[in-house]
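Using the hints, position chain B against chain A.
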Amino acid sequence: MDTDFIDIGTVEDVPVRGSRLVKTPDATIAIFKTMEGQIFAIEDKCPHLSGPLSQGIVHGNRVTCPLHNLVIDLANGQADGPGGGPNGKCVKTFPIEIMDGRILLKPFDVPSEKVA
Amino acid sequence: MPQRQKLVIVGNGMAPGRMLEELLKRSPRAYDITIFNAEPRVNYDRIMLSPVLSAEKTFEDIIIHDDDWYAANDITLHKGKRVARIDRDAKVVEAEDGTAASYDRLVLATGSSPFIIPVPGHDLPGVLAYRDLDDVDAMVEAAEHGGKAVVIGGGLLGLEAAAGLQMRGMDVTVIHLMPTLMERQLDTAAGHLLRQAVEARGIKVLTEANTQSITEKDGKVAGVQIEDGRLLPADIVVMAVGIKPSSGIAKDAGLTVGRGISVDDTLCTSDPAVSAVGECVEHRGMCYGLVAPLYEMAKTLAANLAGEEASYTGSVTSTKLKVTGINLFSAGDFADAEGREEIVLRDASNGVYRRLVLEDNRIVGAVLYGDVADGAWFFDLIKRSTDISEMRDTVIFGQGFAGGTPLDPTAAVAALPDDGEICGCNGICKGTIVEAIGELGLKDVEGVRMHTKASASCGSCTGLVEQLLTLSLGDDYDPAGVPPMCGCTDLGHGDVRRLIVAKNLKTIPDVMQELEWTSSCGCAKCRPALNYYLLATWPGEYTDDNQSRFINERVHANIQKDGTYSVVPRMWGGITSADELRAIADVTDKFNVPTVKVTGGQRIDLLGIQKEDLPAVWADLNAAGLVSGHAYGKALRTVKTCVGTDWCRFGTQDSTGFGIRIEKFMWGSWTPAKVKMAVSGCPRNCSEATCKDVGVICVDSGYEIHFAGAAGLEIKGTVVLGHASTEDEALEIIVAVTQLYREQAYYLERIHKWAARVGVDTVREQIMDDVERRKALFERFCYSQKFSQIDPWAERVQGDQAHEFMPLADLTRMQAAE
Numbered sequence: 152m153d154t155d156f157i158d159i160g161t162v163e164d165v166p167v168r169g170s171r172l173v174k175t176p177d178a179t180i181a182i183f184k185t186m187e188g189q190i191f192a193i194e195d196k197c198p199h200l201s202g203p204l205s206q207g208i209v210h211g212n213r214v215t216c217p218l219h220n221l222v223i224d225l226a227n228g229q230a231d232g233p234g235g236g237p238n239g240k241c242v243k244t245f246p247i248e249i250m251d252g253r254i255l256l257k258p259f260d261v262p263s264e265k266v267a
Numbered sequence: 017m018p019q020r021q022k023l024v025i026v027g028n029g030m031a032p033g034r035m036l037e038e039l040l041k042r043s044p045r046a047y048d049i050t051i052f053n054a055e056p057r058v059n060y061d062r063i064m065l066s067p068v069l070s071a072e073k074t075f076e077d078i079i080i081h082d083d084d085w086y087a088a089n090d091i092t093l094h095k096g097k098r099v100a101r102i103d104r105d106a107k108v109v110e111a112e113d114g115t116a117a118s119y120d121r122l123v124l125a126t127g128s129s130p131f132i133i134p135v136p137g138h139d140l141p142g143v144l145a146y147r148d149l150d151d152v153d154a155m156v157e158a159a160e161h162g163g164k165a166v167v168i169g170g171g172l173l174g175l176e177a178a179a180g181l182q183m184r185g186m187d188v189t190v191i192h193l194m195p196t197l198m199e200r201q202l203d204t205a206a207g208h209l210l211r212q213a214v215e216a217r218g219i220k221v222l223t224e225a226n227t228q229s230i231t232e233k234d235g236k237v238a239g240v241q242i243e244d245g246r247l248l249p250a251d252i253v254v255m256a257v258g259i260k261p262s263s264g265i266a267k268d269a270g271l272t273v274g275r276g277i278s279v280d281d282t283l284c285t286s287d288p289a290v291s292a293v294g295e296c297v298e299h300r301g302m303c304y305g306l307v308a309p310l311y312e313m314a315k316t317l318a319a320n321l322a323g324e325e326a327s328y329t330g331s332v333t334s335t336k337l338k339v340t341g342i343n344l345f346s347a348g349d350f351a352d353a354e355g356r357e358e359i360v361l362r363d364a365s366n367g368v369y370r371r372l373v374l375e376d377n378r379i380v381g382a383v384l385y386g387d388v389a390d391g392a393w394f395f396d397l398i399k400r401s402t403d404i405s406e407m408r409d410t411v412i413f414g415q416g417f418a419g420g421t422p423l424d425p426t427a428a429v430a431a432l433p434d435d436g437e438i439c440g441c442n443g444i445c446k447g448t449i450v451e452a453i454g455e456l457g458l459k460d461v462e463g464v465r466m467h468t469k470a471s472a473s474c475g476s477c478t479g480l481v482e483q484l485l486t487l488s489l490g491d492d493y494d495p496a497g498v499p500p501m502c503g504c505t506d507l508g509h510g511d512v513r514r515l516i517v518a519k520n521l522k523t524i525p526d527v528m529q530e531l532e533w534t535s536s537c538g539c540a541k542c543r544p545a546l547n548y549y550l551l552a553t554w555p556g557e558y559t560d561d562n563q564s565r566f567i568n569e570r571v572h573a574n575i576q577k578d579g580t581y582s583v584v585p586r587m588w589g590g591i592t593s594a595d596e597l598r599a600i601a602d603v604t605d606k607f608n609v610p611t612v613k614v615t616g617g618q619r620i621d622l623l624g625i626q627k628e629d630l631p632a633v634w635a636d637l638n639a640a641g642l643v644s645g646h647a648y649g650k651a652l653r654t655v656k657t658c659v660g661t662d663w664c665r666f667g668t669q670d671s672t673g674f675g676i677r678i679e680k681f682m683w684g685s686w687t688p689a690k691v692k693m694a695v696s697g698c699p700r701n702c703s704e705a706t707c708k709d710v711g712v713i714c715v716d717s718g719y720e721i722h723f724a725g726a727a728g729l730e731i732k733g734t735v736v737l738g739h740a741s742t743e744d745e746a747l748e749i750i751v752a753v754t755q756l757y758r759e760q761a762y763y764l765e766r767i768h769k770w771a772a773r774v775g776v777d778t779v780r781e782q783i784m785d786d787v788e789r790r791k792a793l794f795e796r797f798c799y800s801q802k803f804s805q806i807d808p809w810a811e812r813v814q815g816d817q818a819h820e821f822m823p824l825a826d827l828t829r830m831q832a833a834e
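Heads up: the protein sequence lines correspond to chains A and B, in order. So the first sequence is numbered by our numbering: it starts at 152 and just counts up by one. So the second sequence is numbered by our numbering: it starts at 17 and just counts up by one.
With the rest of the complex left out, here is chain A:
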């Protein structure tokens, strides 16, 4: 088994145009599901003033932050607007795999090194 990826639940568990949270020691990760059923995982933290993106409205492949309406692309974590958001910062994204309707998430950056 690929230990990098962790089974966090089923695709059905995430509401369409909505999100669910996965808490990890490093970060809170928001798992989004779009209208088309695509799943994305990004850090639940807006690059502007750390708003919880999971609480935003999902439209297309994007989410609007509930605090000050910054729009974030779920696929690459980039913000709308010139320079890609405040200070050019973008939201951290996490690798996802879907197997038999289950969501596998790779929540940690460098697990293999740490294990070693």
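Source of the hints: derived by calculation from the structure; they are not laboratory data. Glycine is no exception: its CB is placed at the ideal position from the N, C-alpha and C atoms. Possibly wrong hints are sitting among the right ones.
Claimed, not checked - Partial list, derived from the structure: chain B residues whose beta carbon lies under 10 Å from chain A: (1) E160; (2) G538; (3) Q563; (4) N568; (5) D578; (6) E765; (7) H819; (8) L827.
Only chain B this time, still in chain A's reference frame:
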């Protein structure tokens, strides 16, 4: 003071309405004015009946002069009184019911009547004309039962009637005697394009079809028999084959009458004391059925009545078809004739067709289909008889191209001369509009409409007016006249609200599909707005879309800057008890609530609650009888009260009890923006009712009801809506005004903004003067409350939307290094 001359007007359509405006502008006190109107109502914009039929507008939207206008101008209006005869010797007119008025000057404005083909069955119930609001009402009523409609006549009116009935859900067939539609305005090719567009809307078209008879079943219409043997079943038949001037009473009175009432260039009939204006007139052998010439006549007649010299020499006319989604413009004369040439541009795949008819290098006729933006320019060239030989090669491409200027619509308008006509209906030139914008400091289309009348009739020149605003104001012009809802559509909030009703749209995907949204599933701006509009329009039918709500309304608490939430339980009218306070104290301890605050609306706010804890917090509060305070919603927030007659030595009514009653009646209702109310027990106004969305000031004689205040981003005192002598009446008024706001306002538009947009007076009329309407609004609010007075906290305590509050997985104890 000299006795004022008596002016009597027979008819109250658009022509005399405009004539009066022009007259009052010139000499406001010259005449003692009396109007007889056969229709039982005020003056309205008849050319906008089609949008009323298609439900894109309401009757109120198209009123030109309301009752107040007549009162303010000291005009006697006899509604619903048809004039039966004119005694020219005695100078008296008399209505059918005996009401009489004597005149010094008489104006006949009897308009026209629809032409009814005298086939067998033409007088059966269910056979309608398309002329006034009564006809529209009859069609709307018929359409409520669905079924089949046959429209006889494929001209302007017939097609507009057909489109309206089709939008109302009927199965519509248009039958037309001629080979192509609108053959008086369009050539064969454009007629064909039009037919395709009409058929694409689902309306069947039969041309060269001659009606033989209208068949009957059970005493009403059953179908239309065509000469070729076909029988079309029909639940209603609309005859829209043309109009004829109404000149009966003029003829009876011995005036010279041809096809219409004969007038000279001063609009005088064969009797110098009698003038005529509008569709009833025959001038230089012409009868007109379009608004622009009528308005030109009105202006001439007003000048003459005011003692000025003016003459009317006839009009060149242009028409536009008012069917949403079909763009068609025609002007002038385009019959084939010796010495005439034509230039035609066709782009079938884009559905564009243009045809210009030339005579001696001058344009005499123009037909535009698809892209009609150059209509005004061509019309201007026709009216001026401009020699176009120098731009003949490119003129068909329109002004942007032919003039050598870039293809920029603003530049095109900039190139128009000052006397270039912008508004065809009202004959308003560019110079007049630009001057008004400059002198009066107008900022938007509404302002231009109000002060110049440009774009106030059919509205098709709105784009040109906007360009003039841009030209005059530069970047200061915010085309907020009709800003689109968001980047996903070009439609403004008002259009979307109307179309939801007109097209019977009941889900967000339906709205997006039908109104051609450009994004797959909207955005954070339009989805909450659409969710509200659907909820407010279809109570009980529409299923709330939680994912289209802002987070606060989704989780029924207010998100804070750190991602925690605040919780405000409802305290009816600001009254609480020891038990409630104890429960709040216990919750504070149990969930380590960091801040407990008393709000400006007399409630207690628990701040800093973790999202996962919300259902448990609510469960504890529910157990003490506390429910959601909706402090997070576009909804009724709070009703602030003072202690009134319960305790206060100045109190005049039970302000606390009334506040609680209002809150218990209205809580849970969703509104376009937040709604805050207050009830003060006396004019000392301790609950600050005069800066609320709706406020009540109790007085000895009852309740003074205020609305449209604000104390947020803007500070605004309320205005008085009206007075109620009982608490029941006061409640009915408050509920009705809230319902009107729910039905009319744009999403996120506070009550004071809405009132400023639609006009405080119109709100007052609908709520205070029109008691029937008020009761209907009240009933609609009550109906929608059946589906909204459910405590959202209790539902979630029961497990509703549980996924919102639970993490999908908790990996915090799983160390990365393990």
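(request) Starting from the hint list further up, note which numbers the structure goes against and sort them upward. (result) 1 and 6
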